[in-house]
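Student: Given chain X's structure and the hints, the job is docking chains Z and B onto it.
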Amino acid sequence: MVHNLIITGVGGQGTVLASHVVAAAAVESGFLVAVGETFGASQRGGSVTSHVRISRYRRYGPLIPRHRATIIVGFEPLETLRALLNYGNPLTRVIMNLHPNYPLGVLSGADTYPETQALMEAVRRISAGVLAFNATEIAHHMGSPVAANMVMTGALAGSELLPMAVPAYEKVIGELFSGPARQLNLKAFRAGVLVARGDLPAVWGNQVVKDGGK
Amino acid sequence: MPGGPGDLLRQVLQTGQCVSCGLCLDLCPYLQAAAERVVMIHHCGLEEGNCFRVCPRTPTDWEEMDRRVFGAPRADHVLGHYRQILFARATDPVVAAAGQYGGVVSALIIFALDGGKIRGAVLTAGAPGEMPQPALAVSPDEVLACAGSKYSAAPSLRALHEAARRGVEPVAVVGRPCQVLAVRKLQAVQGIEAHHLAGRKVALVVGLFCFWALEPGFHAFLRAVAGKARILKVDFSPESMLVRTDRGPLCKPVEEVRGFIRPACRECFDPTAEFADVAVGSTEYDEAWNTLVIRSKRGEALVRAALEAGAIEVRPYPPERLPALRAAVRSKKLRALEVQASRGESSYLLIPAGYRQALTGRDQR
Amino acid sequence: MSASGVRLDDPGRSVLLTGNEAVARGALEAGIAYASSYPGSPSAEVLEVLAALAEERGFYAEWSVNEKVALEGAAAASLAGLRSICIMKADGLNVALDTLTALSASGTKGGLVVVVADDPGAHSSVKEEDSRYLGKVAHLVILEPADPQEARDMTVAAFGLAEQLRAPVMLRCVTRVCHASGNVVLGTLPPKPAGRPHIGCQERYITHVAYHRIQEERLAQAREIGEGWPFNAYQGPPEPEILVITAGPGYLYAREAVEVLGLEGRVGILKLGMSWPLPEKFLLRHLKSASKVLFVEEVEPFHEENVGYLVACHLEEVFPLALYGKKSGHVAGPKGPGLGEIDVDTVIRALAALAGIPYEAQPGDYGREARELVKKIPRRELGFCAGCPHRASFWALKTAIALDGREVVVLGDIGCYTLGAGRSGHYLMQTVHAMGSGVGMASGLGKLERLGFSQPVVALVGDSTFYHAAVPALINARYNQSRFLLVVLDNGTTAMTGHQPHPGSGVTALGKRVPALSMEEVAGAFGIPVTVHDPYDVKGAVEALYRLLRQDGVRVLVLRRAYALLTARQEKKPRVYVDPKRCLGDACGCHRFCSRVFGCPANTWDAALGRAKIDETVCTGCGVCATLCPQGAIVVEEVTRNGA
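Protein chains in written order, with this note's numbering: chain X, 1 to 214; chain Z, 215 to 579; chain B, 580 to 1223.
Simulated from the structure, these hints should not be mistaken for laboratory data.
Just so it is clear, CB atoms sit at the ideal spot from N, CA and C, and this is done for glycine as well.
Wrong hints could be hidden among the right ones.
To be verified - Pair by pair, the computed Cβ-Cβ distance ranges are:
1) Z:Met345 <-> B:Pro1051: 38 to 44 Å
2) X:Pro167 <-> B:Asp677: 39 to 45 Å
3) B:Phe1032 <-> Z:Leu446: 42 to 48 Å
4) Z:Leu446 <-> B:Tyr1006: 27 to 33 Å
5) Z:Pro216 <-> B:Glu948: 42 to 48 Å
As the list claims (entries may be wrong) - Below, in silico cross-link-like pairs of lysine-lysine (BS3-like), each with a Cα-Cα straight-line distance of 25 Å or less:
6) Z:Lys415 <-> B:Lys1160
7) Z:Lys331 <-> Z:Lys415
8) B:Lys914 <-> B:Lys867
9) B:Lys914 <-> B:Lys860
10) B:Lys1151 <-> X:Lys187
11) B:Lys1091 <-> B:Lys1118
Said to hold, decoys possible - Which residues of chain B face chain X? A partial, calculated answer using Cβ under 7 Å:
12) Val648
13) His758
14) Leu831
15) Ser907
16) Leu918
17) Asp924
18) Arg928
19) Glu939
20) Gly946
21) Leu952
22) Thr1183
23) Asp1185
24) Thr1196
Excised from the complex, chain X in its bound form:
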């Protein structure tokens, strides 16, 4: 049994850091981990995708084969659908941030960005269920929109789709950061956990869509 997790987003959104937190939490919890990512040009607007593979006994390579992702965590709606189409299957579970980040082609008018609702619905139709919400908005309320990656990580941890317990993640985050950054990231992470558990008060006017799928 291998957990094939894909964390996807756009350069600068902190997907690499999020995958590191998940992977480190897995290693801490005694699992074998392989993470594959490309971050040579990650801050320059391109798609950034991390593959995280968590297993108990057998080592795996850093790339998940096509359509074999068990979980997709998308930091951006368009990238979520892109990853799902390439790596998903009807049993894939999805956690997605609804805050869009427009590609250069969209800004230049050459392309149009699909409706966020349509993206979410498309993801719902071809997956085993989606937890969709605006993590950027929540992170903004927690102190900085940059912490959206930790909100998403929290939602992944809180969803209990992976075999690690929430404190394992918190330990990693606590060790990675210091000072105000540690506070901010832990706060954002915990907000994400609450979202996944359905316990986040609706004070942020945030739409949380939780769908069991087919």
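Tutor: Just chains Z and B now, kept in the frame of chain X:
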């Protein structure tokens, strides 16, 4: 006739038709100028644009412009609409001395500034032998610093946008006849709030007589002519160029300068700024005076007020001089029509048949 | 990510490390005394980690000016008896190759390991070069790790091997090792390097053709070592129908492909930890027992060719045997055989075809319901980061060239600004080759006047590239009286690879403050006039470019501005926003200049309002867009210290 940047490129910029008025510069980030050459940096991709609408060298219907500016077609097909032609000069000796001839333009602008009719003026700065530059003058001293003919086509209307951005309004524009036309076309643009506003901010348009403008290479030529001497003033007669320097006057036959004439000026139909509120030129007769053509009601009111205030003085235009002026203007217009005929449909000049007949027939006056 | 895992003195513990960190850890465990590198993706982090630990572990680390000098420094340490490591990307090996081929002939003393990182698929490179061919040219032993654990293990082993053979050993990593993370079981950290580095008066390290024989003998010796080397291993049935010969992460892909297809009984995997020289006896033993061979390796068919030759030499022993791989077209990614990176699916397809079993990752209509809702998924193009000074520089250059009116030739180079060849740089760049090549080519073009070439020439180069490879070209240009404008896009750091310092930064890899080597002084010393301008002042930069374009001879314009993201992190950034009353939206003649043409990711479009908008989470506060907006609709609000 609508058009966009592609049309501007094909009809004006790539065919040497640009008169470097400067109005399209800074209208968008894509039109810039270097050494009086307007260049499109980037094609914005729009089908229609204000650059095309305001350009004085995109198709322009003369009768429509007459109606728009003066409310009726013209009666005089050589000099256009005018209420009065006078000789005029500044009364302040400092202003008169600074001017090319009688200093009337500077006097009128300073008068309008002092009286609060305008808050600034779009002018052209630059000493003889130097490349002239757009200038936004907000004080009499700044106006005087811009006095004197410049001879090359500085894109001075660029300063109109600077005025809009800086919130300097209303303003006067002093410019060549093609620049006057550009401002009138800007004022005619409908529905686009800000440019409309930029046009509306123009309270007064003073046109300068202009039979041709020279390429910027002229300034280097002039410096070479002057050598080590400092150039004080440059003037042209029909035969020669006169350069006054601190080491005495220099004279060159006008033929040596002809090569510098901007190609676009060959198709100029309007040497006397027909759409201005007032137009000012030399007298070709008396260096201490200007020819002043009062064209609009607004121009008339300004001149009257300036007279009452003693800022300028006038005397009647000598009737015996008028035929010479008419002949010069008429011949310029006829040459433009010849060029237009050779260029056919690509010409910017839309001259109604009536206007054309009246001009090609014998001048009745 | 950090040096914390690499530093741990906890033998036997399994920690999460990237391949780059694992190489650094291996070097640490091997007791290196000297580490040098020029930053290149995907291997830049190796020296970053080593530099962070150099002080506490008592060794020396440096960012060198280029790979050749880096290698010479590491070689010097080796000759003095120290263990040293030199790290570079594949393209860097080309730069260092002259020295490397000589070192292999002269021999070395202390273990010298040359880490070369290939970038299959060119994720952050301009080409996908297979450095194994160059390692072979240099008569080197080439090791290929498959994952971070092996990266650590092989690095440790490589030092021993280098000392045993008295020659450099090459460790060939690929992006999927360097940038992958995985469990690494830590070994023992040795005490700080002891012993005095020394070169005895009888020692000689001379490159001479006479040593070619020694190089060949050394390879024969290495081949023998390889025969029993644990990193060369076979797993699978004793008589497999299909033998997969693989190295690097291809090994893990092959293993998973076998698992996915359930081919454990029919397929054996022979993993080469030593890609050169080949363990011929070991290979032949397994080749004899198989009927089909599939080669799974990154980029070029290196094993395929070399094993193919071995097969040809031993045809009678191995017959019948068919070879499959990139040359046969069986191992092909989406771009075709031998093009781009391979992955598990590449191997699954190849194995399924050879085994004659069908495989479909998902029914062909998976995703149909989603595609019905979302017809088109826009691609994401790469562009300059928000606030990147290069964006302003390219707009200024585009403007100046248009104003100049002549057909200016723009020669590019290697760095973030290579993106200037695309939309981000308005497609201005006409050539992209190698580090400093644009300057050398400009130097060439600038001398063609006598042959009728009259176009003005501009070479663009980054600050780090300037020191790396532009200086000799500049000397040549000055000496041979060329004429061109060199524009240095100076953001004060090696941005492409993660902001490593360079000779102009005034700080070393060890964090020590040193006098910055000013490029004005460098070029100035050659008698070349240098102008410095801030690209954020676009108007002024245009004027400077326009003026310099019209001058003769070699001249340099430095467009200098610190890298935006770094500055934004350091200072409180100004707030930039669009005044919706001043922005005219689509009624403006600019046709969305800020979001559409200038293309900063922070300049977006508010479709509901029909006005431009700034994404303040992305904006760095540089304010360049505000200076270019024709309506002055973009407001820059300086943030004062008390936050008002």
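Student: Could you work out which of the previously given hints the structure breaks and list their numbers from low to high?
Tutor: 2, 4, 8, 9, 11, 12, 15, 16, 18, 19 and 23
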